[in-house]
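Engineer: These are the residues of each chain, in order.
Number of protein chains: 2
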Amino acid sequence: MKRSFDVDSILKTLRSVFPTDKDFISLHEPQFSGNEWNYVKECLDTGWVSSVGKYVDKFEQQLAQYTGVKRAVAVVNGTSALHICLRLAGVSYDDEVLMPAMTFVATANAVKYCGAIPHFVDSEEKTLGVDPRKLSTYLAEIADVSSKGCINQLTGRRLKALIAVHTFGHPVDLSSLSELCNNYNIALIEDAAESVGSFYKEKHTGNWGLVSAISFNGNKIITTGGGGAILTNSEEIGALAKHITTTAKLPHKWAFNHDMVGYNYRMPNINAALGCAQIEQLPVFLKEKRKLAERYQFAFRRMEGISLFKEPVFSKSNYWLNTILLDKDYADGRDMLVEVTNNNGIMTRPPWTLMHKLPMFKKCLHMDLTVSEDLEKRLISIPSSASLGVMDANV
Amino acid sequence: MKRSFDVDSILKTLRSVFPTDKDFISLHEPQFSGNEWNYVKECLDTGWVSSVGKYVDKFEQQLAQYTGVKRAVAVVNGTSALHICLRLAGVSYDDEVLMPAMTFVATANAVKYCGAIPHFVDSEEKTLGVDPRKLSTYLAEIADVSSKGCINQLTGRRLKALIAVHTFGHPVDLSSLSELCNNYNIALIEDAAESVGSFYKEKHTGNWGLVSAISFNGNKIITTGGGGAILTNSEEIGALAKHITTTAKLPHKWAFNHDMVGYNYRMPNINAALGCAQIEQLPVFLKEKRKLAERYQFAFRRMEGISLFKEPVFSKSNYWLNTILLDKDYADGRDMLVEVTNNNGIMTRPPWTLMHKLPMFKKCLHMDLTVSEDLEKRLISIPSSASLGVMDANV
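These protein sequence lines are chains A and B, in that order.
Quick note, in this note's numbering, the first sequence goes up one by one and the last residue is 799.
Quick note, in this note's numbering, the second sequence goes up one by one and the last residue is 799.
One thing to keep in mind: the hints can contain errors.
Intra- or inter-copy, both count: the list cannot distinguish identical chains.
Claimed, not checked - Below, in silico cross-link-like pairs of lysine-lysine (DSS-like), each with a Cα-Cα straight-line distance of 30 Å or less:
{"hint": "1", "residue 1": "Lys767", "residue 2": "Lys552"}
{"hint": "2", "residue 1": "Lys516", "residue 2": "Lys653"}
{"hint": "3", "residue 1": "Lys426", "residue 2": "Lys462"}
{"hint": "4", "residue 1": "Lys516", "residue 2": "Lys462"}
{"hint": "5", "residue 1": "Lys530", "residue 2": "Lys605"}
{"hint": "6", "residue 1": "Lys767", "residue 2": "Lys516"}
{"hint": "7", "residue 1": "Lys445", "residue 2": "Lys691"}
{"hint": "8", "residue 1": "Lys767", "residue 2": "Lys657"}
{"hint": "9", "residue 1": "Lys781", "residue 2": "Lys767"}
{"hint": "10", "residue 1": "Lys720", "residue 2": "Lys691"}
{"hint": "11", "residue 1": "Lys445", "residue 2": "Lys458"}
{"hint": "12", "residue 1": "Lys605", "residue 2": "Lys695"}
{"hint": "13", "residue 1": "Lys766", "residue 2": "Lys552"}
{"hint": "14", "residue 1": "Lys761", "residue 2": "Lys657"}
{"hint": "15", "residue 1": "Lys462", "residue 2": "Lys445"}
{"hint": "16", "residue 1": "Lys416", "residue 2": "Lys761"}
{"hint": "17", "residue 1": "Lys458", "residue 2": "Lys426"}
{"hint": "18", "residue 1": "Lys516", "residue 2": "Lys766"}
{"hint": "19", "residue 1": "Lys538", "residue 2": "Lys516"}
{"hint": "20", "residue 1": "Lys695", "residue 2": "Lys607"}
Everything labelled a hint here was simulated from the structure, so no lab data went into it.
Generate the whole structure from the sequences, applying the supplied hints.
Structural biologist: Spelled out as structure tokens, the structure:
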């Protein structure tokens, strides 16, 4: 039975969670309350803003330490990190790469940069990420593991990798997906762009993939302006990640020699300086964001037709974006609710249009996407800045 | 007849040009003597460091105004600018792209990103860039203009574009190359990475190509940490450049729809803030660098075996990197001179290894490269920071 919301009540409830005078509450704003000024000013004072300077090394060390991986390589953004992850996983021309249909377009674009083909799979409601059981059934139908790797019998192409996306920061079922990828000789890549600060079974996301990508775009939990990083637990892959993202130049005092087609993806020192200051504050941001998530859950606990998405079992999520899950009967009201909240100074957003519906990916393969199609209609992301968690009123 | 240098005399002459106590004189250092801190601080204070904020728009307007093009689009670096220039010029899989063998590796890498094939051409001594007369003779031999475009008769592939590089900031012979490209239906792309502030026939470099790429890397005349821009005199191409470098997202208050495979190449606001401050000082930097070039030329006027490269006719160069040209008899001494100067605290550098000698481009096509091979042995770039031009001593 189709039902409709009490919109005024929803607006009132949302406002009760962040009592502020602001005309407009963004979805996610950065917060510069630490050493940002000091570090950035030092870059300007020393002239070290670009590829020379200590902050890139320092930021990479801090990232590796925080996430617990062996090597982190800082790059210009999450998209370039994903691109390089795919290259490092051996994805090449005409390979197929499994990925959720419900993701930001960068995941699919990065596959195209390699000349490879996205192959879209379904998500599950309990993680908002790839459903390992449904994927297992699908692979049993279409995949054949041979000496050439895992072959899609329908196309004859290699299924080279799976990109598992931690949607809105919530960890996907990494244990099951790792095992599945292992069984099928498919490289697991984590798109951890949104999940900095999210843990699965007490290990930081990004530790389960052969390589993983994170993002420090301005809307993320910590930001470097634009930025990202590649994470890996292989020293060898880490060294190659550094080499290939810095034009593949061979070390020499003055000669310019390069040994492969490389990329200019290195994060500038001034952006890394920002990152060093931001990561120092990450534990505080996580606490504030968790408080906000709890407040949302409490506020909406008796609201008909709406529940708040909660971190999956085995996970401690960063709650990057708090997200409303509409009951199925209320799904028709999604666009109206998004429209009204935005018009009333509260920024909200439905999920990304599913990838297989975009014109450039329409011809790509996909499995049954019933759950993704359903989730697309029922999810609404709501304001989630760490600063909104600081306020202790009205709870 | 082979001859050798009086190394002590060269060291003494170099030192006379920049009398400073510094232990090490870099090849090119940035200078932050303007509004850098004010603008960057404003980004931090407002939280606008990333894809939201006014500095990207402002910097693009300043760039368009300074260079005289219709549209400038700021991106993460010069390599990404070149990549997009090639895409905008219609370069696609299996096309051939003409370019000098004597260039930085990014020029050739960007072609590979498009799945296209670099085709290396020779340079001339008077500009250090592509020799239009030699290229004309070569095209007359191999090229055939048909309805499908300009076809290389040796390979059957399309010769889609020519990348003309303004080496060390010195403008190439744009009139002749424009005419040649026009005659053969080959798109002209200017790699103006090094030539911000350089003019050819009183128009800024970047105005002659269908699209052009510039760079604001830390070693360039003005810097944004990492950064670059695409220049074009076509409003339509400019709009597409903006669209494709910002994930090809269709404008909408909250929906995420994209209509083509796009890139995440947008320059972050904090880097653009730096750019706004730097471009304000560009006229001063140009004056200082010209003074330095004059001082080098005066100091070395009677030095045997060495001359200083001078801006080509019809050009006003930014003298990004001052460059020594060894007489042919003295070419054997290049490595020794580079070694001794670097060991004595004066950074110098030979040109990049020619592209066709790098392992990943060894199989690419090339014409006779006699002049490039000769120049590679005879060129040495010497310290060229604008700040070195300020000092008025010893001249």
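Engineer: Tell me, in ascending order, the numbers of any earlier hints that this structure violates.
Structural biologist: 4 and 16
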